[in-house]
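Please construct the entire structure, taking both the sequences and the accompanying hints into account.
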Amino acid sequence: MGHLDHAAYGWLTPVLSYVMASIGAALGLRCTVRALAATGPSRRNWLLTAASAIGTGIWTMHFVAMLGFDVTGTEIHYNVPLTILSLLVAVLVVGAGVFAVGYGRERGRSLVLGGLTTGLGVASMHYLGMAALRLHGHVSYKPLTVGLSVAIAVIAATAALWAALNIKSPLAVAGASLVMGAAVSSMHYTGMMAVRVAVSPSDAALPGATAMQFIFPLAVGLGSYLFITAAFVALSPTADERAASASAAARHVPHPVPTAR
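Just so you know, the sequence shown maps onto residues 1 to 261 in our numbering.
For the record, the hints were derived by calculation from the structure and aren't laboratory data. Among the clues, some could well be false.
Unchecked claim - For each label pair, taking beta carbons as the anchor points, the in silico distance ranges come out as:
#1 A231 with M193: 29 to 39 Å
#2 K142 with R44: 40 to 50 Å
#3 A182 with E75: 24 to 34 Å
#4 A198 with E106: 41 to 51 Å
#5 S202 with G108: 47 to 57 Å
#6 P207 with P41: 26 to 36 Å
Said to hold, decoys possible - Computed list of lysine to any residue pairs in SDA-like fashion (alpha-carbon distance at most 25 Å, straight line):
#7 K142 with H6
#8 K168 with I228
#9 K142 with T13
#10 K142 with P201
#11 K142 with E75
#12 K168 with Y103
#13 K142 with W162
#14 K168 with V150
#15 K142 with L128
#16 K142 with I76
#17 K142 with L67
#18 K168 with G40
#19 K168 with S124
#20 K168 with L128
#21 K142 with A234
#22 K168 with A234
Predicted model only: the values in this text are computed from it and were never measured. Think of the CB as a built atom: it goes at the ideal place given N, C-alpha and C, for glycine as much as any other residue.
So this is what it looks like as structure tokens:
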């Protein structure tokens, strides 16, 4: 069995991955809150932004953490198509869960459906990303630990969507995002605790790309997307702010002066 190191760069990758998960969660929850206060195309657009933010944040968290993953006795490469597919799965399945909450008529039922869908999407992204690993050896998993990681993903997703439905203030959303970031990180490292690698030393070249060739540039790009989108959402007025602005403008409209006849 190869020795597994989940933090080859010390605390750098765990802390940075937690930050990315929390930013994605904060942005996604804030967009979901905006969506629930909107109607028509505006609601759909906010939900699309929420799905892309949460999915991108979770994916970036996973692969930033994987930058610190090392196995003694073998290099690690990544299958590029599978890695990109894991990103698409994260965004699409999380999107299905977010839309279930955004358009559901019964909140309790929508919350259960959305949490289950989103949680399974998070777990699917994680294990699809792990399937993209290419190394000299065989990867196996401890089933009970895998099951625990999936349960954590579902509980975390359900709690996050509950927060989106019930928490409105930016400060409360920020707190919920920190909790969700911790839950997603816990799911990742619980899943990694399930991993076992039987190394088969070889001089053969591995297929795929190294983390620094592919994962790092993509993670930087997606992280930049999250920061830019967060700035846009922060500067975009809420429905209450728009209503207050319209009301103030209406009060200051000059009334026509009657003309003498």
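We went through each hint and held it up to the structure:
As the Cβ distance of A231 to M193 is approximately 36 Å, the hint placing it in 29 to 39 Å holds. Separation of K142 from R44 is about 41 Å and conforms to the stated range, judged on CB atoms against 40 to 50 Å. A beta carbon spacing of about 31 Å between A182 and E75 agrees with the range 24 to 34 Å that was offered as a hint. For A198 and E106, the Cβ-Cβ distance of about 48 Å falls inside the hinted range of 41 to 51 Å, so the restraint holds.
As the Cβ distance of S202 to G108 is approximately 54 Å, the hint placing it in 47 to 57 Å holds. Hint check: P207 to P41, Cβ distance near 44 Å, so the stated range 26 to 36 Å is violated. With a CA separation close to 17 Å, the supplied pair K142 and H6 stays within the 25 Å bound. For the suggested pair K168 and I228, the alpha carbons sit about 22 Å apart, so the restraint of at most 25 Å is met.
A hinted pair counts as satisfied when its Cα atoms are at most 25 Å apart, and K142 with T13 qualifies at roughly 24 Å. Using a Cα cut-off of 25 Å, the hinted pair K142 and P201 holds, with the two alpha carbons roughly 23 Å apart. Annotation: proposed proximity of K142 to E75 holds, straight-line Cα distance about 23 Å (limit 25 Å). Under the criterion of a C-alpha separation no larger than 25 Å, the hint pairing K168 with Y103 is consistent with the structure, at around 18 Å.
This hinted pair does not check out: K142 and W162 have alpha carbons roughly 31 Å apart, beyond 25 Å. Restraint check: the Cα-Cα separation between K168 and V150 comes to about 28 Å, which exceeds 25 Å; the hinted pair is violated. Taking the CA atoms of K142 and L128, the gap is about 16 Å. The hint holds against a cut of 25 Å. Under the criterion of a C-alpha separation no larger than 25 Å, the hint pairing K142 with I76 is consistent with the structure, at around 21 Å.
A C-alpha spacing of about 22 Å is found between K142 and L67, which places the hinted pair at or below 25 Å, so the restraint holds. In summary, the hint linking K168 to G40 is supported, as the alpha carbons are separated by about 20 Å, within the 25 Å threshold. As the CA atoms of K168 and S124 are separated by approximately 30 Å, the hinted pair breaks the 25 Å bound. At most 25 Å may separate the alpha-carbon atoms for a hinted pair to count; K168 and L128 exceed this at roughly 34 Å.
Pair hint K142 plus A234 does not hold up; C-alpha atoms about 42 Å apart against a cutoff of 25 Å. Only pairs whose Cα atoms come within 25 Å are accepted, and K168 paired with A234 is accepted, the gap being roughly 14 Å.
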